Amino acid sequence: MIEVSRLKKYFGNIRAVDDISFSVKDGERFILLGTSGSGKTTTLKMLNRLIEPDEGTVTIDGKRHDDQPVELLRRQMGYVLQNTGLFPHYTIEENISIVPDLLGWDKDKTKKRIAELLIKFHLPPETYMALYPVQLSGGQQQRVGFARALVANPPILLMDEPLGALDPVTRQQIKGEFKKLNELKGKTIILVTHDISEAIELGNRICVMDGGKIQQTGSAQELLLHPKNEFVKHFFSHNHFLLQLNAFHLADITSYLQETSSPGKISELNPASTLMEVVGELSSFATAKDGIVFHDEKADKFFRIDMVSLFTAVQQKLNPGQ
Amino acid sequence: MMETMNEFFKFVNQESDKLLQQALVHSGLTFLSLFIAILVSVPLGILISRRRKLSGTVLGIAGILQTIPSIALLGFMIPLLGIGARPAIVALFLYALLPIIRNTYTGIVGVDANVKEAAMAMGMTDWQILWKVELPLAFPVILAGIRTATVITVGVATLAAYIAAGGLGEFIFGGIALNNSAMILAGAIPAALLALFFDFLLSRLQHVRIKKIKRVLVTGCILFVAISSLYFVPSVFGSKLLAGFPPEFMGRNDGFPALKNRYHLKINTVVIGQALLYDALKEKQIDVISGYSTEGRIKAFHLKILQDDKHIFPPYFAAPLVREDILKSYPELQSTLNLLSGKINDSLMTEMNYRVDYLHESPGEVAKDFLEKKGLYQNPRNGHKGTVRIGSKIFTEQYILAEMYKMLIEGYTDLNVTQRTGLGGTQICFGALTNNQIDLYPEYTGTGLQVILSTPQRVVDSLGGNENEVYNYVKSEFKKQFNIEWLKPIGFNNTYAVMMRQHQSERLGITTISRLVNYLSKK
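Top line first, the protein sequences correspond to chains X and C. Using our numbering, the first residue of the first sequence is number 132, and each one after it goes up by one. Using our numbering, the first residue of the second sequence is number 66, and each one after it goes up by one.
Errors might be hidden in some of the hints.
What the hints assert, rightly or not - For lysine to any residue, the following SDA-like pairs were computed, each having C-alpha atoms within a straight-line distance of at most 25 Å:
1. C:LYS181 with X:THR241
2. X:LYS242 with X:LEU267
3. X:LYS242 with C:THR190
4. C:LYS83 with C:ILE332
5. C:LYS181 with X:GLU224
6. C:LYS181 with X:GLN271
7. X:LYS306 with C:LEU124
8. C:LYS279 with X:ALA261
9. X:LYS238 with C:THR190
10. C:LYS181 with X:LYS344
11. C:LYS118 with X:ARG180
12. X:LYS344 with X:SER167
To be verified - Take a look, some chain C residues computed to stay more than 10 Å from chain X by CB distance:
13. SER246
14. ALA253
15. CYS286
Said to hold, decoys possible - If you anchor each label on the Cβ, the simulated ranges turn out as follows:
16. X:GLY143 with C:GLY125: 25 to 31 Å
17. X:LEU234 with C:SER294: 42 to 48 Å
18. C:LEU104 with X:THR190: 44 to 50 Å
19. C:VAL290 with X:LEU262: 35 to 41 Å
20. C:LYS75 with X:LEU262: 56 to 62 Å
21. C:LEU104 with X:GLU183: 31 to 37 Å
22. C:CYS286 with X:LEU262: 28 to 34 Å
23. X:GLU390 with C:ALA178: 54 to 60 Å
None of these hints come from the bench; they were simulated from the model. Being a predicted model, the structure only gives us computed values, none of them experimental. For every residue, glycine included, the Cβ atom is placed at its ideal position computed from N, Cα and C.
Please build the complete structure, drawing on both the sequences and the hints.
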């Protein structure tokens with residue numbers, strides 16, 4: 132549990148972070164979302180004291196984060212930067228072993244752990260361990276950056292635009308890995324991004340910031356359906372429909388769909404699938420015409436969905452009365 | 066050119082022992098200064114990369130030090146630290162500061178901010194970030210600074226010879242003073258090679274894996290200490306007294322070589338700039354010097370001239386050396402210049418030198434005072450008939466004589482005078498005369514004989530050190546070879562003289578050069 136209370140940071144006359152409070156539960160993926168200059172990165176860096184707050188407190192599991200040496204605090208938090216920040220003069224292995232070395236791990240243990248992680252990130256250790264960062268592609272470097280943050284199994288991960296410097300294809304790949312990676316399960320993740328769809332895809336809860344203040348905190352659905360103010364409403368207005376497809380799941384619209392008793396071929400979709408995934412399934416010729424059938428295990432019922440029923444359901448659910 | 070190269074190889078061959086010794090001393094001086102400079106500059110560079118506000122001040126001061134002309138910097142050191150290795154090392158150290166501080170600062174500030182942030186975020190301490198991230202990544206830039214400093218230091222270290230710290234500058238200065246190209250090259254070429262060699266040596270470090278920064282440092286330290294210690298190798302062999310001779314005296318036939326050949330003098334020597342000679346003797350940094358017999362400081366510093374009992378120093382009677390063409394254009398010039406003939410003896414000249422050097426009267430005042438006393442002074446006529454250009458070498462007596470000639474010419478003729486005083490040495494002064502940049506300057510018969518004419522020893526011996534024969538010989542030779550006229554001698558003989566502190570010479574009972582030789586050869 133991370134609790135941030137009345138945090139402030141001024142740079143000269145600029146209120147970079149202006150009296151914000153929020154809390155992040157254990158295992159939550161908490162997104163700080165905003166445009167540049169919104170104060171999101173400053174907020175993130177105050178959590179591991181890369182920037183010292185002017186006022187306010189941060190407590191982690193009830194303990195103030197400034198009542199221990201700053202180095203010890205940081206060693207318990209993984210940190211992923213936009214531009215990797217890999218040491219150019221260290222090999223991949225040496226880069227990843229920095230934190231274990233600081234923690235005084237046994238060499239063999241470190242080596243085993245690094246090999247294990249590199250395999251998970253699709254970087255065969257026998258090939259990659261001895262290479263230097265410049266010999267890797269941008270995507271590979273960022274994977275090493277993730278491995279470095281994860282190697283010592285920190286309970287908390289801080290990420291500053293981790294996918295920001297990657298090309299769209301690589302970004303999509305790593306995003307996919309990110310969602311599946313079991314290393315990340317159960318970790319408290321605080322991620323800074325300016326990319327709204329990334330925030331919706333990766334986060335449990337999104338904190339929208341602007342001008343150093345929190346505009347609204349909530350799930351993607353809450354933000355889309357019940358924006359608290361004009362800023363949030365405006366912020367999500369662009370590509371609103373696509374964002375909704377990412378933010379909502381089949382379960383959210385089941386009540387607007389037709390039940391079917393003759394299922395025929397049953398797809399792999401389930402109530403937890405996002406609507407974007409449904410669109411993906413529907414976008415081949417075979418399925419577009421007849422629709423697809425999925426199984427709601429809880430209700431033990433079969434539902435059929437096609438493009439038209441999907442659009443209608445979204446319309447009814449999200450924009451009632453129109 | 067070919068001839069010069071042949072002479073150069075011959076010279077190097079002959080003087081190989083001395084050359085090796087000078088190269089060792091030179092390397093030692095360079096690296097000792099560099100080593101201290103690195104120990105100071107790198108931490109200072111790190112400090113200002115942490116406290117950026119200080120960087121302007123620190124780099125500014127180091128920059129100002131860099132702009133002080135090297136000779137002047139060495140000059141400043143003498144009152145503080147005397148002569149020899151110490152002031153030289155301090156001066157070289159000051160020169161080496163800027164490139165190293167600046168590159169350390171630039172290198173560290175230039176480390177990728179992302180990398181530094183990552184290092185902090187992973188929980189490295191400041192010290193760990195410095196040693197594991199900043200220094201290794203800044204290392205190539207810092208090393209480049211050290212290499213720049215090395216090349217500068219090897220170059221500036223040639224000037225160390227001026228303040229008796231030795232090194233390859235001894236040959237360079239000697240060669241300039243004697244117009245001996247082979248000798249200059251014998252100092253300059255090894256100095257250039259040393260610079261290239263050290264630069265190459267350090268460039269090897271650039272390829273060491275930069276993560277092993279500590280290993281590089283240890284290797285570097287050992288290397289530096291080893292090379293620095295070379296400085297002390299030659300000084301292990303010592304004699305009871307230490308002599309300091311200016312470069313010109315070291316090289317010329319009637320100088321130190323004559324002391325060695327005719328008196329069989331065996332003494333440890335250091336080369337030292339003419340201007341510092343007397344002070345160094347007075348301050349007991351050296352015990353024996355070669356000076357000039359009319360020097361004002363002999364009186365001021367209580368020095369004792371050792372008698373030249375074998376008469377090896379030829380006569381050096383001063384007389385105006387004048388271009389023949391100007392004497393033809395303005396015939397009145399000759400009689401005017403000759404007004405001074407026979408008017409100044411040794412003690413009068415010593416006295417006048419003393420007044421300028423120690424009582425801080427201006428050469429002009431002293432000159433006018435003298436002319437008035439002799440009844441020779443006349444007010445300037447402010448004529449516009451033509452211009453006479455008077456030159457002088459860079460010491461007091463020459464300034465005084467130049468002033469006297471100016472006053473005489475302006476008082477007795479309708480010519481006006483411009484002065485080109487302070488010309489570096491015999492070669493420069495005489496060069497100016499033959500190249501028609503000046504019309505006249507006071508010269509000494511012995512210098513004309515030995516330095517300008519390079520008269521063979523056989524001929525010198527045949528003149529037997531007789532003042533009139535020497536004068537007549539140079540007068541006719543100069544006329545023949547250069548169309549330059551020696552006018553009548555002024556009267557005093559400013560010859561070479563070997564000197565000691567009066568107190569020490571009395572205590573040791575040394576009154577002649579032969580006795581000095583005897584004293585030194587006793588165990």
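For each hint, the structure was consulted:
Simply put, LYS181 (chain C) and THR241 (chain X) have alpha-carbon atoms about 23 Å apart, close enough for the 25 Å limit, and the pair holds. Taking the CA atoms of LYS242 (chain X) and LEU267 (chain X), the gap is about 20 Å. The hint holds against a cut of 25 Å. The hinted pair formed by LYS242 (chain X) and THR190 (chain C) meets the criterion: a straight-line CA distance of about 23 Å does not exceed 25 Å. Distance check on the hinted pair: LYS83 (chain C) and ILE332 (chain C) sit about 14 Å apart at the alpha-carbon level, within 25 Å; holds.
This hinted pair checks out: LYS181 (chain C) and GLU224 (chain X) have alpha carbons roughly 19 Å apart, not beyond 25 Å. A threshold of 25 Å between alpha carbons decides the hint, and for LYS181 (chain C) with GLN271 (chain X) the separation of about 20 Å falls inside it, so the pair holds. Distance restraint check for LYS306 (chain X) and LEU124 (chain C): the Cα-Cα separation of roughly 48 Å exceeds the 25 Å cut-off, and the hinted pair is therefore not satisfied. Proximity of LYS279 (chain C) to ALA261 (chain X) is assessed by CA-CA distance (about 21 Å); at most 25 Å being required, the pair is judged to hold.
The suggested pairing of LYS238 (chain X) with THR190 (chain C) holds, with an alpha-carbon distance near 21 Å, which does not exceed 25 Å. At most 25 Å may separate the alpha-carbon atoms for a hinted pair to count; LYS181 (chain C) and LYS344 (chain X) exceed this at roughly 28 Å. This hinted pair checks out: LYS118 (chain C) and ARG180 (chain X) have alpha carbons roughly 23 Å apart, not beyond 25 Å. For a cut-off of 25 Å, the pair hint linking LYS344 (chain X) to SER167 (chain X) stands: about 13 Å separates their Cα positions.
Non-interface status of SER246 (chain C) relative to chain X is upheld: no Cβ of that chain comes within 10 Å, the nearest being about 50 Å off. Separation of ALA253 (chain C) from chain X is adequate, the least Cβ-Cβ distance of about 40 Å exceeding the 10 Å criterion. The claim that CYS286 (chain C) is not at the interface with chain X holds, since no C-beta of that chain comes within 10 Å of its own (minimum 21 Å). Roughly 27 Å separates the CB atoms of GLY143 (chain X) and GLY125 (chain C), a value that falls within the hinted 25 to 31 Å.
Range check, LEU234 (chain X) to SER294 (chain C): Cβ separation about 44 Å, and the 42 to 48 Å hint holds. Look at LEU104 (chain C) against THR190 (chain X): about 46 Å separates their beta carbons, and that is inside 44 to 50 Å. In this structure the supplied range 35 to 41 Å holds for VAL290 (chain C) paired with LEU262 (chain X), their Cβ-Cβ distance being about 38 Å. A hinted range of 56 to 62 Å for the beta carbons of LYS75 (chain C) and LEU262 (chain X) is consistent with their spacing of about 59 Å.
For the pair LEU104 (chain C) and GLU183 (chain X), the supplied restraint of 31 to 37 Å holds, since their beta-carbon distance comes to about 34 Å. For CYS286 (chain C) and LEU262 (chain X), the hinted distance range of 28 to 34 Å is satisfied, since their beta carbons lie about 32 Å from each other. Between GLU390 (chain X) and ALA178 (chain C) the Cβ separation comes to about 59 Å, which falls inside the hinted range of 54 to 60 Å.
When each numbered hint is compared with the structure, violations occur for hints 7, 10.
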